[in-house]
Amino acid sequence: MRPQDILLPNAAGLCCKPGGFHIDPVRPVERAVITHGHSDHARAGHGAVLATQETLDMMRLRYGENFAGSTQAIRYGEEIRLGDVKIKFHPAGHVLGSAQIAVSCKDTCIVASGDYKDAPDPTCAPFELVPCDVFITEATFGLPVFRHGDASDEVKKLLASVALFPERAHLVGAYSLGKAQRVIKLLRQAGYDAPIYLHGAMDTITHYYQSRGIDLGELKPVKGMKKAALAGTITLAPPSATSDLWTRRFPDPVTAFASGWMRVRARARQRGVELPLVISDHADWDGLTATIAATGAGEIWVTHGQEDALVHWCRSKGLKARPLDLVGYGDEEESETPIQAEAEA
Amino acid sequence: MNRFAELLDRLAYEPGRNNKLRLITGYFREVGDPDRGYALAALTGALSFKHAKPALIRDLIAARTDEVLFGLSYDYVGDLSETVALMWPKAALAAHNNPPPPSLTEVVTTLRTLGKSELPRQLERWLDELDETGRWALLKLVTGSLRIGISARLAKTAAAALGDKDPHEIELIWPGLVPPYLDLFAWLEGRGDKPVNRDPAPFRPVMLAHAIEDNDFAALDPADYIAEWKWDGIRVQAVAGRDERGHITARLYSRTGEDITGSFPDLVPSLRLPGAIDGELLILREGRVQSFNVLQQRLNRKVVSPKLIKEFPIHLRAYDLLGDDENDLRELPFAERRERLERFIAKLDDPRIDLSPTVPFDSWEALTAARADPASAGAGEDADAVEGVMLKRRDAPYLPGRPKGQWWKWKRDPHIIDAVLMYAQRGHGKRSSYYSDYTFGVWTETENGEELVPVGKAYFGFTDEELLQIDRFVRRNTTEKFGPVRHVVHEADKGLVLEVAFEGLQRSPRHKSGVAMRFPRISRLRWDKPPREADRLETLEKMLKAEAAEIEV
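Protein sequences, first through last, are from chains Y and E. Each step along the first sequence adds one to the number in the numbering used here, with nothing skipped, and position 237 is 237. Each step along the second sequence adds one to the number in the numbering used here, with nothing skipped, and position 525 is 525.
Hints should not be assumed to be uniformly reliable.
[Stated by the list, open to error] Below 16 Å or equal to it, Euclidean Cα-Cα: the simulated EDC-like pairs (lysine to aspartate or glutamate) are:
id: 1; chain 1: E; residue 1: K411; chain 2: E; residue 2: E451
id: 2; chain 1: E; residue 1: K494; chain 2: E; residue 2: D437
id: 3; chain 1: Y; residue 1: K156; chain 2: E; residue 2: E6
id: 4; chain 1: E; residue 1: K310; chain 2: E; residue 2: D266
id: 5; chain 1: Y; residue 1: K185; chain 2: Y; residue 2: D150
id: 6; chain 1: Y; residue 1: K157; chain 2: E; residue 2: E132
id: 7; chain 1: Y; residue 1: K317; chain 2: E; residue 2: E67
id: 8; chain 1: Y; residue 1: K157; chain 2: E; residue 2: D164
id: 9; chain 1: Y; residue 1: K227; chain 2: Y; residue 2: D193
id: 10; chain 1: E; residue 1: K529; chain 2: E; residue 2: D493
id: 11; chain 1: Y; residue 1: K185; chain 2: Y; residue 2: D133
id: 12; chain 1: Y; residue 1: K317; chain 2: E; residue 2: E132
id: 13; chain 1: Y; residue 1: K86; chain 2: Y; residue 2: E65
id: 14; chain 1: E; residue 1: K409; chain 2: E; residue 2: D266
id: 15; chain 1: E; residue 1: K90; chain 2: Y; residue 2: D5
id: 16; chain 1: Y; residue 1: K227; chain 2: Y; residue 2: D215
id: 17; chain 1: E; residue 1: K481; chain 2: Y; residue 2: D107
id: 18; chain 1: E; residue 1: K90; chain 2: E; residue 2: E118
id: 19; chain 1: E; residue 1: K409; chain 2: E; residue 2: E132
id: 20; chain 1: E; residue 1: K90; chain 2: E; residue 2: E106
id: 21; chain 1: Y; residue 1: K157; chain 2: E; residue 2: E342
id: 22; chain 1: E; residue 1: K409; chain 2: E; residue 2: E503
[Stated by the list, open to error] Some chain Y residues flagged as far from chain E (calculated, every beta-carbon gap over 12 Å):
id: 23; residue: P18
id: 24; residue: G45
id: 25; residue: G64
id: 26; residue: Y208
id: 27; residue: D252
id: 28; residue: R265
id: 29; residue: S316
[Said to hold, decoys possible] According to the in silico footprint, chain E covers these stretches of chain Y (three or more CB under 8 Å from chain E):
id: 30; segment: 192-200
id: 31; segment: 217-224
Calculated directly from the structure, the hints in this document are not laboratory data. Yeah, the Cβ is synthetic: ideal placement off N, Cα and C, and Gly gets one too.
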């Protein structure tokens with residue numbers, strides 16, 4: 001069986017005809033299989049949704065109880081038959097509950113990895129390498145200039161700045177699902193035990209992480225704090241808030257941003273970031289290429305991001321590779337819709 | 001090197017002056033000799049070695065990476081040094097055997113003596129040893145493009161803070177110091193004596209004036225002051241002195257102490273007498289002072305050709321004398337220095353150097369009249385090059401910086417137009433949550449009828465309160481957003497009129513309107529005025545004609 005008879009992109013997303021479902025569909029479909037909870041992958045309005053418990057919970061928090069007709073939770077390692085195919089979920093290491101989806105039909109196995117990273121992350125299960133025939137990879141950071149280094153070193157940079165400017169507030173822009181909790185956890189691991197302040201849009205999802213047994217130390221809402229009391233503190237906020245009116249409540253804030261994009265100066269400058277922190281929840285170039293090679297897949301499909309460079313690399317290594325023209329996915333930052341009931345705070 | 005790179009990296013993102021100072025001083029405190037000295041030299045532009053060409057860097061990366069991947073990466077990043085720094089592949093050496101990354105001292109001292117043919121291999125070794133930021137800083141350093149928004153003055157101020165010293169003290173001894181400045185740091189840390197400046201033609205920190213306001217005059221007595229014209233040129237300090245062998249060394253410094261002698265070799269022969277003149281650099285043609293636009297043709301030139309020297313003859317107009325041969329005159333009252341200056345210039349008797357005349361007056365009314373009409377008050381045909389008048393207390397010593405109540409500048413009224421706010425952009429640093437950069441336009445007739453055409457950009461001149469008002473206006477009246485830029489409503493009856501003050505106009509092919517303003521700023525918000533009543537492009541073109549005539553050679 002040709003792989004494209006198993007999975008093929010159409011207008012709604014990646015469609016599995018023999019299984020009768022879509023993976024991460026961008027339009028409402030009858031049956032959706034979802035890799036993880038970021039809003040560009042997990043949308044409301046599908047008939048039936050199959051995902052990890054965490055992903056389902058996050059969708060419920062964002063879209064409300066009726067986000068789908070019906071839901072079914074699946075564990076990592078669990079195998080389910082859908083139509084003529086078998087699917088199995090494996091940890092993707094991207095955010096809490098994120099999964100790669102292995103779709104097998106007869107003797108062909110395709111892994112749709114969603115968003116993934118092979119770097120350690122104390123807030124989610126580590127990436128699991130799944131041998132396959134076709135590997136579908138993201139390419140968010142698919143250029144050799146993106147090498148992310150050790151996230152704990154970046155957090156040390158943040159703490160050094162807090163020590164150097166004790167009279168200023170440090171404002172860290174971070175995606176509210178995943179990145180924020182990872183940064184908080186890394187701060188705790190680096191020995192920072194003061195309260196960490198949260199923008200209102202971070203509350204729900206961060207408390208959800210805590211409810212899943214991830215210890216994040218003492219967290220406080222920034223709302224209602226006196227300006228002077230925020231000197232020397234660290235606050236996490238969605239990236240869009242760090243350059244807005246909201247920042248005027250902080251004393252001479254140092255604007256940091258935790259993102260893989262911060263590797264490139266022009267991107268950091270564009271956003272007016274003063275303290276770029278290269279912390280990414282996506283695999284960097286070395287991670288992408290090492291993973292592709294390790295899956296043993298002879299054919300690579302490349303989606304959202306810098307497809308050209310990664311396709312070129314695969315071909316130069318003798319792998320069959322093509323870009324998958326999927327639309328509607330991107331940086332979670334650009335597409336993030338706030339989790340329900342959280343107005344600006 | 002990695003620690004220095006970290007400093008540069010952080011400075012490149014930090015917009016606040018005080019925070020930059022803190023970062024640099026912190027580095028000086030933390031890092032020992034001689035690394036910090038070479039860092040100070042790098043920041044003040046005092047390092048000299050032959051720079052590597054971008055082509056060399058390209059060759060290095062081409063040998064290590066795939067051409068297509070490099071092309072795609074370079075397109076994305078947009079900066080050669082940064083692209084190479086980020087994508088330089090890790091060396092395949094065994095990790096335990098790696099040499100430690102080079103120190104800044106090692107890099108600087110090696111580059112000084114390295115032969116051209118050895119450079120590529122040496123660079124390659126360093127690139128292997130450094131981390132991403134280290135590689136970036138190294139490449140910026142060796143290609144001579146270390147642009148991180150730090151002035152030499154700022155770096156010296158940061159060094160001064162190390163020992164709680166006044167930066168002027170460093171400025172005074174600076175010309176005699178050489179990297180890695182061991183004696184300077186020893187003095188700053190209280191471990192050694194103050195280094196002595198043995199430079200025969202040292203820079204002296206410049207005295208500056210306060211802008212005078214209408215209500216300042218009431219407290220001032222005209223009899224206490226001497227007035228002179230404020231010429232629209234470049235404030236300089238021209239210094240000549242004898243070296244150990246008795247030969248004259250002459251140097252020209254900008255007001256910040258930058259040595260600009262190389263740009264004006266034609267003035268050097270005229271600086272024959274030992275002394276230090278505070279004056280204005282001008283272009284004179286047939287005895288007439290040319291406009292600043294003309295002088296500008298001589299600035300920032302890499303090569304000063306004989307043709308340039310002939311067509312733009314340089315001239316020094318003297319205001320003050322800070323040193324006369326071996327004597328330091330700075331403690332003397334201005335009236336006395338002025339007398340010494342007159343004798344000095346007479347003795348020098350050089351066509352390229354003359355005295356800036358004083359403006360006689362006995363009342364503020366008389367001076368107001370002179371300022372309004374410099375042509376009839378002694379400036380004659382040079383009146384167009386008069387930017388205003390300077391008031392100097394007769395008894396004022398020459399003090400560095402901007403001491404209160406000693407010198408006043410009273411500029412002529414600037415050009416003013418009413419323009420319409422068209423686009424607004426977020427500011428930087430403290431202003432990053434405000435729309436504080438404004439593009440404004442004036443009306444002109446086009447094939448589509450009456451349209452606004454952008455004529456300039458301004459980001460200061462308004463008060464904090466006005467900034468809040470404009471910010472609010474921008475947010476409520478945005479018609480489109482493009483990244484950080486907002487299109488603000490600008491129609492005949494809807495929009496905000498800004499009164500824009502500026503110092504001069506120049507023809508500019510880079511601007512759609514064909515004109516560029518010098519020093520534009522928002523002088524008033526005209527909430528009262530409908531956009532249709534704002535100025536027209538023709539008004540600017542008329543102003544331009546008067547100025548442009550002088551540029552033609």
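Right, here's what the structure says about each hint:
The hinted pair formed by K411/E and E451/E fails the criterion: a straight-line CA distance of about 34 Å is larger than 16 Å. Restraint check for K494/E and D437/E: not satisfied, since their Cα atoms lie roughly 20 Å apart, outside the 16 Å limit. For a cut-off of 16 Å, the pair hint linking K156/Y to E6/E stands: about 13 Å separates their Cα positions. Taking the CA atoms of K310/E and D266/E, the gap is about 9 Å. The hint holds against a cut of 16 Å.
Using a Cα cut-off of 16 Å, the hinted pair K185/Y and D150/Y holds, with the two alpha carbons roughly 14 Å apart. For the suggested pair K157/Y and E132/E, the alpha carbons sit about 15 Å apart, so the restraint of at most 16 Å is met. With a C-alpha separation of about 15 Å, the suggested pair K317/Y and E67/E falls inside the 16 Å cut-off, and the hint holds. With a CA separation close to 27 Å, the supplied pair K157/Y and D164/E exceeds the 16 Å bound.
Distance restraint check for K227/Y and D193/Y: the Cα-Cα separation of roughly 21 Å exceeds the 16 Å cut-off, and the hinted pair is therefore not satisfied. As the CA atoms of K529/E and D493/E are separated by approximately 9 Å, the hinted pair is consistent with the 16 Å bound. Taking the CA atoms of K185/Y and D133/Y, the gap is about 36 Å. The hint is violated against a cut of 16 Å. Proposed proximity of K317/Y and E132/E is contradicted: the alpha carbons are some 26 Å apart, above 16 Å.
In summary, the hint linking K86/Y to E65/Y is not supported, as the alpha carbons are separated by about 28 Å, beyond the 16 Å threshold. Under the criterion of a C-alpha separation no larger than 16 Å, the hint pairing K409/E with D266/E is inconsistent with the structure, at around 30 Å. In summary, the hint linking K90/E to D5/Y is not supported, as the alpha carbons are separated by about 40 Å, beyond the 16 Å threshold. For the proposed pair K227/Y and D215/Y, the alpha carbon gap of about 28 Å is over 16 Å, so the pair is violated.
For the hint pairing K481/E with D107/Y, the CA-to-CA distance comes to about 51 Å; that exceeds 16 Å, so the pair is violated. Distance hint between K90/E and E118/E is unfulfilled; the C-alpha atoms sit about 22 Å from each other, more than 16 Å. Only pairs whose Cα atoms come within 16 Å are accepted, and K409/E paired with E132/E is rejected, the gap being roughly 49 Å. In summary, the hint linking K90/E to E106/E is not supported, as the alpha carbons are separated by about 21 Å, beyond the 16 Å threshold.
For the suggested pair K157/Y and E342/E, the alpha carbons sit about 59 Å apart, so the restraint of at most 16 Å is broken. In summary, the hint linking K409/E to E503/E is supported, as the alpha carbons are separated by about 15 Å, within the 16 Å threshold. With a least CB separation of 36 Å from chain E, P18/Y remains clear of the 12 Å interface cut-off, as annotated. Look at G45/Y: its CB is around 28 Å from the nearest CB on chain E, clear of 12 Å, so calling it non-interface holds up.
Non-interface call for G64/Y relative to chain E: holds, since the shortest CB-CB distance, roughly 29 Å, exceeds 12 Å. Distance check on Y208/Y: its Cβ is at least 29 Å (rounded) from any Cβ of chain E, clearing the 12 Å threshold; non-interface status holds. Residue placement check: D252/Y does not keep its beta carbon more than 12 Å from all beta carbons of chain E (closest about 7 Å). Not every beta carbon of chain E lies more than 12 Å from that of R265/Y, the smallest distance being close to 6 Å; the non-interface claim is violated.
With a minimum CB-CB distance of about 7 Å to chain E, S316/Y fails to clear the 12 Å threshold, and the non-interface call is violated. Given a C-beta distance limit of less than 8 Å, the hint that chain E covers the segment 192-200 of chain Y is violated, as 0 residues qualify and 3 are needed. Using a Cβ-Cβ cut-off of 8 Å, 0 residues of the segment 217-224 of chain Y lie near chain E, which falls short of the minimum of three, so the contact claim is violated.
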